[in-house]
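Undergrad: Sequence:
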Amino acid sequence: MTFHPTLNKFTFSTSIRDDLNKLPYLTMVIKEAMRLHSPVPFIQRILTSDTEIDGKIAPAGTAVNCVIYNIHHNPVTWEDSMKFDPDRFLPENADSRSPYAFVPFSAGPRNCIGQNFAMHEIKIALARILHKVNLRLDPNHKVEKVESLIMRAKNDIQVLVTKRS
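Going from the sequence shown to the working numbering is simple: count from 1 and add 6.
Hints are computed from structural coordinates only; laboratory data are not their basis.
It is possible that some hints are incorrect.
What the hints assert, rightly or not - Calculated lysine to aspartate or glutamate pairs in the EDC-like style (CA-CA distance at most 16 Å, straight line):
id, residue 1, residue 2
1, Lys37, Asp101
2, Lys160, Glu150
3, Lys148, Glu127
4, Lys89, Asp162
5, Lys37, Asp91
6, Lys37, Glu127
Predicted model only: the values in this text are computed from it and were never measured.
With the sequences and hints as input, model every part of the structure.
TA: Pasting the structure below:
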């Protein structure tokens, strides 16, 4: 999210809690960050019945990995998929998209039961931080990803912090 100067343009009144409901763009920024940098690399499901996948039959009981990174960077769904563009999550843009095109917390009956809580906590934390400071990536630091159970940076993420005036 610190790649994009949009974050530092947010303004807040004295009550961040009241502002959260008035900041749909903050939610869009968070969703776009999670689309570009998914918290987990894949989800796994076990087929409950024989299923045709790409012209072949996968038998019931087969473990199927859904690679979230590939879903979130599919150029058929996401034009210019490597670009940070929170407007992708404007209602008029999101309404026509499949509900399975954006799945940072999985989807369907086995999705993350804590996703609403997690989104709310992310919004509160980010709003509180941005209320006091501006953030940007250190331009001299290259972030490298490590794919593991949880996506993370191999070499940390160095952020420059300046106090808001």
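Undergrad: Against each hint, give a clear statement of whether it holds in the structure.
TA: So, going through the hints one by one against the coordinates:
{"no.": "1", "hint": "Lys37 x Asp101", "in the structure": "15 Å, holds"}
{"no.": "2", "hint": "Lys160 x Glu150", "in the structure": "5 Å, holds"}
{"no.": "3", "hint": "Lys148 x Glu127", "in the structure": "28 Å, violated"}
{"no.": "4", "hint": "Lys89 x Asp162", "in the structure": "22 Å, violated"}
{"no.": "5", "hint": "Lys37 x Asp91", "in the structure": "10 Å, holds"}
{"no.": "6", "hint": "Lys37 x Glu127", "in the structure": "13 Å, holds"}
This entry does not satisfy hints 3 and 4, going by the numbered hints stated previously.
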